[in-house]
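**Q** Chains as they are written, first to last, in this note's numbering: chain A, 1 to 155; chain B, 1 to 434.
FYI, nobody ran anything at the bench for these hints, they're computed from the structure. Backbone N, C-alpha and C fix where the C-beta goes; we use that ideal spot for every residue, glycine too. Heads up, a few of these hints could be off.
A short list of chain A residues far from chain B (calculated; beta carbon distances all over 10 Å) [said to hold, decoys possible]:
#, residue
1, Ala2
2, Glu27
3, Lys30
4, Asp45
5, Asn48
6, Leu54
7, Lys68
8, Phe77
9, Gly109
10, Arg110
11, Glu126
12, Lys136
13, Lys146
14, Gly155
For each label pair, taking beta carbons as the anchor points, the in silico distance ranges come out as [what the hints assert, rightly or not]:
#, chain 1, residue 1, chain 2, residue 2, range
15, B, Lys335, A, Glu27, 53 to 59 Å
16, B, Phe122, A, Lys113, 28 to 34 Å
17, B, Gln213, A, Glu38, 33 to 39 Å
18, B, Ser221, A, Gln153, 18 to 24 Å
19, A, Glu27, B, Asp26, 29 to 35 Å
20, A, Glu38, B, Lys293, 40 to 46 Å
21, B, Thr171, A, Gln153, 35 to 41 Å
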Amino acid sequence: MAKKVTIIGVGSEIRGDDALGPRVIAELGKDRSLTDVELQYAGLDSMNLLNYLLETDAAIIVDAVNMKRAPGSVAAFGLAEVRLIFEVNQLSLHGMSLAYVLTLAESMGRLPKQLVIVGAQPFTTEGLTLSPEMEKVLPEVLRQVKEQIAIFQNG
Amino acid sequence: MTAPNDKNIFVHHVTRVEGHGNIKVDIKNGKLVESQLQIVESPRFFESLLLGRRYTDVALITSRICGICSTGHTLASINATEDAFGYKPSEQTILLRKLLHRGENLQSHVLHLYCLVAPDLFRVGSVVPLAATHTDVVLRALRMKKLANDLAELVGGRAVHPQSAVPGGFTSVPKVSALLDMKKRLEAAVPDLTETAKLILSVADKFPNLQRQTEYVSLQSDNEYALIAGDICSSDAGRIDIHNYRKVTNEKVVDHSAAKHCAHKRSSYAVGALSRVNNNFDKLCPMAKDVAKMFGFKTPCNNPFMNNLAQLLEAVDSVVHAIQIIDTLVKNGVKDVPLDITPKAGTGVGAVEVPRGILFHEYTYDAKGFITNANCIIPTGQNLANIEDDMRTFVPQIVNDTKEEIAFKLEMLVRAYDPCISCATHLLDVEFVD
Numbered sequence: 001m002a003k004k005v006t007i008i009g010v011g012s013e014i015r016g017d018d019a020l021g022p023r024v025i026a027e028l029g030k031d032r033s034l035t036d037v038e039l040q041y042a043g044l045d046s047m048n049l050l051n052y053l054l055e056t057d058a059a060i061i062v063d064a065v066n067m068k069r070a071p072g073s074v075a076a077f078g079l080a081e082v083r084l085i086f087e088v089n090q091l092s093l094h095g096m097s098l099a100y101v102l103t104l105a106e107s108m109g110r111l112p113k114q115l116v117i118v119g120a121q122p123f124t125t126e127g128l129t130l131s132p133e134m135e136k137v138l139p140e141v142l143r144q145v146k147e148q149i150a151i152f153q154n155g
Numbered sequence: 001m002t003a004p005n006d007k008n009i010f011v012h013h014v015t016r017v018e019g020h021g022n023i024k025v026d027i028k029n030g031k032l033v034e035s036q037l038q039i040v041e042s043p044r045f046f047e048s049l050l051l052g053r054r055y056t057d058v059a060l061i062t063s064r065i066c067g068i069c070s071t072g073h074t075l076a077s078i079n080a081t082e083d084a085f086g087y088k089p090s091e092q093t094i095l096l097r098k099l100l101h102r103g104e105n106l107q108s109h110v111l112h113l114y115c116l117v118a119p120d121l122f123r124v125g126s127v128v129p130l131a132a133t134h135t136d137v138v139l140r141a142l143r144m145k146k147l148a149n150d151l152a153e154l155v156g157g158r159a160v161h162p163q164s165a166v167p168g169g170f171t172s173v174p175k176v177s178a179l180l181d182m183k184k185r186l187e188a189a190v191p192d193l194t195e196t197a198k199l200i201l202s203v204a205d206k207f208p209n210l211q212r213q214t215e216y217v218s219l220q221s222d223n224e225y226a227l228i229a230g231d232i233c234s235s236d237a238g239r240i241d242i243h244n245y246r247k248v249t250n251e252k253v254v255d256h257s258a259a260k261h262c263a264h265k266r267s268s269y270a271v272g273a274l275s276r277v278n279n280n281f282d283k284l285c286p287m288a289k290d291v292a293k294m295f296g297f298k299t300p301c302n303n304p305f306m307n308n309l310a311q312l313l314e315a316v317d318s319v320v321h322a323i324q325i326i327d328t329l330v331k332n333g334v335k336d337v338p339l340d341i342t343p344k345a346g347t348g349v350g351a352v353e354v355p356r357g358i359l360f361h362e363y364t365y366d367a368k369g370f371i372t373n374a375n376c377i378i379p380t381g382q383n384l385a386n387i388e389d390d391m392r393t394f395v396p397q398i399v400n401d402t403k404e405e406i407a408f409k410l411e412m413l414v415r416a417y418d419p420c421i422s423c424a425t426h427l428l429d430v431e432f433v434d
């Protein structure tokens, strides 16, 4: 049996391209070729996200990310490769950001041993669905997520 | 030049609360001139969104007023709709609603105490430094939050914004086996509650001792700790029928706040866990009363900072009561009953104790079940004037502290109310006269 990998979709389903995370989870759910994966939709509940992170050794987080690159750019990166930008005191119950949750898990010494974020630069965060432009990028996001699953399971 | 006894304090966007509010304090010659909690969040027009909507949609829409008390809004909405139609829910429906409500009460209080209040008591800026030094504490908070989420999901179909609770009952009911599993988990959570109480007790001396008498308003009922039904109870005026809620809330517009202020018998009144505990302490479960004893807590308690302790007592009460409700449901057997509610023209009021205090929804329906008028009065809006009155009493007591310390203590005061500013913001309706 291959190693279990948890894929966590983050973001709001009704904020344009921020729906990328939940959408990827939905698409992966239809893919019968995937084995030994756990698909989780964390939505906007950061405490849920933290729980999922604490329960796994290998996690792939999918989210719309502001990488300051051209809209539609897709990247897979580990925490060592980026600087997370957030204001530590700007915490409310709704407003705990992904950056905040990752920092929290790290300071507890409980980050998954293998962790990668697959993100795409959004075109827009307005509208009730993914933008048509992001729909075109979706296959590439799915390809990179599956590539990471294979790396985690075989590596 | 500012004189040494002059202090202007402005806290832009108080952190660790919901939404955006500023604290403004002006001290001249060591005397308080002005203190305000400015609400700068934009209004959200939910009442207007409801106009013309069918009764089946209404609770789903109002649930979105808040991501923390979505269940409370759902239940207040359902109560108002059923009241308007003259519908009386079954005993099973009431029990399931109570169970769902307990899940939310626990979710919200655990999160507030651990993530928003604890950093003040440990004098750290957020929960992140705590996670490093008190990992077990944060893990416990997560465990309890997950339990509360799962309880809400078991009954409501989702951890937030419940789907199955609707006017007339439930569109799906939990299986007895799932209820029994949940009961085991709730029983196993009792040590976590005890540890939570010990933790807060260990830092309880950090709560300032502010004493100010005010009017405490909550639900009250003869035979239970009232949360989703009952009369309004005012510590000044006694019992009032919920249909007369406007005589209590008396909403008025003030110029420094996008949310209206409320007042009843005094210049302000308080709602929330402390009001509930003050008005209904005798109805709490024995374990919650034991925790109160640990803290030497007695009612009436006039220290607003003790709202945090009242939340702890309610968290304990919620776990204990959730177990009892499950026992009753299992004994009676849970039946999947079709909905049998019919619209009727009329006006109805729903009042529910959400984590932050008493919440009112009032709707008027036409004969086909479409809304023609809606009014929602949110707990944080009711507390705003009371918070300002607290500040007026508190600032002269701490006026010799440094500006930073005064600001810190005032933020702590605002946070004690666990305010949900985004929810409280709604604007005046106007009608132009030709």
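**Q** Hint by hint, which ones does the structure fall short of?
**A** Result: hints 4, 5, 6, 9, 10, 15, 17, 18, 19 break, sorted rising.
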